[in-house]
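**Q** Below, each chain spelled out in residue letters.
Number of protein chains: 2
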Amino acid sequence: MDRRGKVTIPTDGSFIDGTKKIAALWGADAIRDCDGTELPKNVKELAEKVYNTYFIVRGDNRWAEANPDEAHRVFLMSERTLAESAVLEIRVMNGYFPEQITPDWKNIKYWEVIDRTNGEKIKDWRADERKGIVRIENAQEMHEYTVNFMAKVLWHPVQIYNYLTNGWTCEKQKMYDPAFPNTAEYIKRRMKEWCAEHSETDVVRFTTFLYQFTLIFNEKGKEKYVNWFGYGLTTSPALLEAFEEEYGYRLCSEDFVDGGCYNTPFRVPSARFLDWMEFIQRKVTKTVRELVDIVHDYGKEAMMFLGDDWIGAEPYGKYFKELDLDAVVGSVGGGVTVRMLSEIPHVKYREGRFLPYFFPDTFFKGNEENAVAELDRNWRTARRAIVRKPLDRIGFGGYLSLAAKFPKFVERVAEICDEFRHIAEFAAHATPHCGLTVAILNSWGRIRSWQSHMVAHELWYQQIYSYQGILEALSGLAVEVKFISFEDVRNGIEADIDVIINAGDAGTAFSGGENWKDEKVLSVLRKWIREGHGFIGVGEPTAYPQDGRTFALADVLGVDKEIGFTLSEDKYNIEKKRHFITEDVAGEIDYGEGMKNVYALEGAEVLDIEFSERCKRNVNVGEVKLAINGYGKGRSVYIAGLPYSAQNARLLYRAIYWSAGKEEEMKRAYSSNPFTECTYYPETEKYVLVNNSAETQKTIFYDIHGLKKDMTLLPGGIFWIEKKEVN
Amino acid sequence: MDRRGKVTIPTDGSFIDGTKKIAALWGADAIRDCDGTELPKNVKELAEKVYNTYFIVRGDNRWAEANPDEAHRVFLMSERTLAESAVLEIRVMNGYFPEQITPDWKNIKYWEVIDRTNGEKIKDWRADERKGIVRIENAQEMHEYTVNFMAKVLWHPVQIYNYLTNGWTCEKQKMYDPAFPNTAEYIKRRMKEWCAEHSETDVVRFTTFLYQFTLIFNEKGKEKYVNWFGYGLTTSPALLEAFEEEYGYRLCSEDFVDGGCYNTPFRVPSARFLDWMEFIQRKVTKTVRELVDIVHDYGKEAMMFLGDDWIGAEPYGKYFKELDLDAVVGSVGGGVTVRMLSEIPHVKYREGRFLPYFFPDTFFKGNEENAVAELDRNWRTARRAIVRKPLDRIGFGGYLSLAAKFPKFVERVAEICDEFRHIAEFAAHATPHCGLTVAILNSWGRIRSWQSHMVAHELWYQQIYSYQGILEALSGLAVEVKFISFEDVRNGIEADIDVIINAGDAGTAFSGGENWKDEKVLSVLRKWIREGHGFIGVGEPTAYPQDGRTFALADVLGVDKEIGFTLSEDKYNIEKKRHFITEDVAGEIDYGEGMKNVYALEGAEVLDIEFSERCKRNVNVGEVKLAINGYGKGRSVYIAGLPYSAQNARLLYRAIYWSAGKEEEMKRAYSSNPFTECTYYPETEKYVLVNNSAETQKTIFYDIHGLKKDMTLLPGGIFWIEKKEVN
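Sequence order for the protein chains is A and B.
So the first sequence is numbered by this note's numbering: it starts at 1 and just counts up by one.
So the second sequence is numbered by this note's numbering: it starts at 1001 and just counts up by one.
Treat the hints as calculated values from the structure; they're not laboratory data.
Treat the hints with care, since some could be wrong.
Only pairs whose alpha carbons sit at most 20 Å apart, straight line, appear in this in silico DMTMM-like list of lysine to aspartate or glutamate [to be verified]: (1) B/Lys1224 with A/Glu602; (2) B/Lys1482 with B/Asp1496; (3) B/Lys1667 with B/Glu1685; (4) B/Lys1188 with B/Asp1060; (5) A/Lys596 with B/Glu1610; (6) B/Lys1633 with A/Glu84; (7) A/Lys224 with B/Glu1623; (8) A/Lys571 with B/Glu1219; (9) B/Lys1224 with A/Glu623; (10) B/Lys1224 with A/Asp570.
Computed from a prediction, not measured in an experiment: that's the story for all the values here.
Just chain A, same shape as in the assembly (with noise of 0.2 Å):
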């Protein structure tokens, strides 16, 4: 096996030969630069590859300053404020960090005064730009207030990020926005002029292209706003002009600020947003591909970094493929963010930084363990979803004079990147045995593949984990996992698909809010459902309030929740009943925040119900954590959530296995201790059990033909079986 390649490894001017060093024990081929480091002069003497980070639209500041106009722009909802008369102001940067944005005087004709007590919008009001306010008369007593404001970005949020988390001090980077005219043909004249002047770069590691996520702060300098998704950023009058054109309507201030929720991804998008990001997707691919010609020309490689100013160039959108990009970068910090990485399609390699980030906060004296540790479980996590889809390179960041102080840390990603090499070389152009496609059904569908969920990126947030454990279980199991949206639904479902997964709660863009009270959707599922597919519903399944019941799919999941309407209704099915589903569970299933008052409905299975202690007078209804139900020949699957854990990861595989009808099936390709999992390489009859605990494991392994043999796998172990051994 090759012992070098696939490997990119962060440096700088001042830690040369010990690059050389640890270049040549990790096997890198590849050297990057950091935002905000720079890369040695002689950077091609120490790998075949140099990365160079490049940025669309800052890094010049005399140009943002010549085109103060062209900067980008946001709509930002002031504080709600009270009428306590008839005349009230409001101080529109209230809550803001006036170093990021300003009011954008000149542009208030896309202002928006709105009475949030009843909803109207009002006509009554005049800016002040003296005074930094709106002046509204007529006010309503009582009622509350708002204006949505156009602002112009002065900062890029990103940077402002790094300045007071990190503690930067370079130049603070403004912006402009190729939306307008000069700056548009700038960053092509600049994209030319930069990759002449730097020869020894292979490969533009753009960092990324025209608009970054939604993050804004608030007046102490805090993170006051971030969404990964967020298209707050892209609202420019030069677009919000050229939309009307081509779309017939236009669009107003709170179409984007949407009460203060800035359309999240955890709202139902409405088909006005949904024109908007596909406008911006259209005008971002057009405009990016303009410069990934030019580096092409220039005989580089363009890379996207997935993250910072992705907006427009989502990797599962329709326009991605016509970017023409070579590759993808992105942060590991799962299987979930693997599997984001490495199926995007259209691109030629897709590669994955680890963790830890070689940064003070990890590589401090005396934390060597923690750091190898964190390596470890980092990639114990990352790996299960990497032999199912593997990335094509992976890569470090920070600082690598630090990891170089910990001799044991340098030693153990040595040994990762020759057991991340192998599975690559393995695994790489074989396709996986899947015994079943899955599909996750949300308002989002493909463009959001991997990513249903998430606010930030990667970030932990108590309302989602109970959900996104789901995916993060997917990513390592056994089956084909495709993201599609009700919209698909209605079109007809795919004939591949054997199960779908609808979770999130209710009134989310996850679960489905609106979409739930279409009979299309409804009557399509039923039907699909009772033909002999499965149905898993986690949390708030298919809910919409309507007609005395809570999940619209009450019928097909067996279960509803109690939301008040119903409690003078007496509920019998609280016994608890042994099953397949359950059958590796060992102690209490862990369900992350859960969810209450969800009954059983006659005719369902109960598998795992809760009795609060203080229930009296025999009053045992108790609250449904897992439950089964018959439909036609489908059948259903209720979990109350699934954060994830190697037990639950197994409790899912088997309920989609039950839920297509097809547990006979499970038990091939299949290690039987759910802290271990197996994959087959049908093209190269091999297969491989990853270990995905720090204990050593015993396993029954069965092979494609449900062959059992007796294994036990190291800590952390991953085994390679040809097909000879197993017979």
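Add chain B to chain A, keeping to what the hints say.
**A** Below, chain B without anything else, positioned relative to chain A:
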């Protein structure tokens, strides 16, 4: 003090001597029969007063059989049935108990068939009595359909309950509805005959009047649906037609079926349903008043049992006065039921039937200690409400001969009867001191006084105890309690109210649902609070998700609920503060079911917050359980839930005083130990201290001027203080 009077006991023909002995020991002055027993012939020898149970709409099966078309009617919803082809047959009786109800095939003009997948009423159907089905033509495949059918009631629901639960074997009582002309005449005739035949009867104990609360049984004869407030059995063709004539519009089956929710009190009532309620109340009042007049003509008293067929005779309704009743009796499960009874207006006396019932489930060999403990617990719970607003009489139910076998129990009841007479004498005609006036705001207001969050009378439900605890706490606190509706708020909040409480789950009548999108309600409340009043929200107060807010009065409450749409917003207000409200808290506060995902807005003060143990990467957002907020001159308190406990009652008392801005005045006529409470009667200048616990309690007693005195109260003790003793 008189050791005789104010107590009612049950008896029957086989326990005469024992009854005499116990009547003397307990000072009982009234004897009653029970549903299912017969009074002895020489009953007048046993006590001054004899109560005799009387049923208006059941008990004469010959009449019922002669007038089958005058049976009560109920609108019921069939099972939701999926159309798998264009023709669909629904067996309407599926899931119902044929002994209780039968479809009214003669009146299918009132039936409706509804497509529950799109909400449309369809016309292409016919009923087939022979087959017991409704046949739908041109059904849409994969839509669910239901039949709303009118059914005749064949057997009185409470009797079914006693048959099936308590093993009764007597004749099955059919029913007849005085809305029909023959029965209307008949019930008056029979009332006269009965009065003439029952010269020994002093009090006609109506059990109850014309319309039983909704109580429906399933195909196995088990309870299927119970709603103590349900108007289900009022919907006879006679009344539907009379309503249409009077109101000028026609109610349809779905107005009652309500998607299977049957207008539970948890539903925000529709205007149409409110019209119907008022119509029924007037009808019931008119009919029953005629019977009461007959009773009075015979020199007897008319007593209403608050239960069974009480629909349309709500004691806090507009027409109750016109019934001209002498008394009401009801069962007492705690402080709430005491107040529900003791505050009933327009009667001469109110009687509470205490627990435990003398039934074999408690009075079996070896269970005497438990029986005494249950008696004590119930008495202590009820007593704190009795000292605030005494019942006029107490009583017991069941078989006295069973109780007689437990001498300690008999002795303890004797003590309690004395204690009750003592309180009633001291407090009956003295108004206790109330520091403040509190109003519970919900969709019902006064008509459901002390009845919010109830499903079946006295039964515990997991979804209600965290709210019901507020009423239980209030029942014994030194505040005036009112019940107001949103209509009352629109019409202007009464001047004497200091603090408004809104408590309940989102969307329910108790939280208020769509009332919270009414700008009038919002403006009136905001203004009233800003002027210096208090607002306390529990659970999901003011909930109506719209425009980025879940709680419509988030600005008042200082908290809002995260439902996924503002996850992108950073929440920094997480520091827990000490406060006046939590000064008496020892250990954890019990929020019952609590509330998830509530966060504090800037400016509010967090008094209690829970952090998930799973929090990662310093995402310490937490869930707020208790918070306060200033609003103009007013104040607000948010509490996640408030099941009843001594500590929570004190917490609420403090929250009330603080929100009213009168915390300096709290320690007047006050007892410092939360397990104890103080009531003061200004007219007689007497104080009473109660120890609500089964342990000795030390406390500091504060008189009305704030003068302190150390006190020790015996377990469950009560202590009276005269003015002169204080100084």
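**Q** State for each hint whether it applies.
**A** Do the hints match the structure? See the list:
no.	hint	verdict
1	B/Lys1224 with A/Glu602	12 Å, holds
2	B/Lys1482 with B/Asp1496	10 Å, holds
3	B/Lys1667 with B/Glu1685	17 Å, holds
4	B/Lys1188 with B/Asp1060	13 Å, holds
5	A/Lys596 with B/Glu1610	18 Å, holds
6	B/Lys1633 with A/Glu84	13 Å, holds
7	A/Lys224 with B/Glu1623	19 Å, holds
8	A/Lys571 with B/Glu1219	14 Å, holds
9	B/Lys1224 with A/Glu623	19 Å, holds
10	B/Lys1224 with A/Asp570	5 Å, holds
In the structure shown, no violation is registered for any of the earlier numbered hints.
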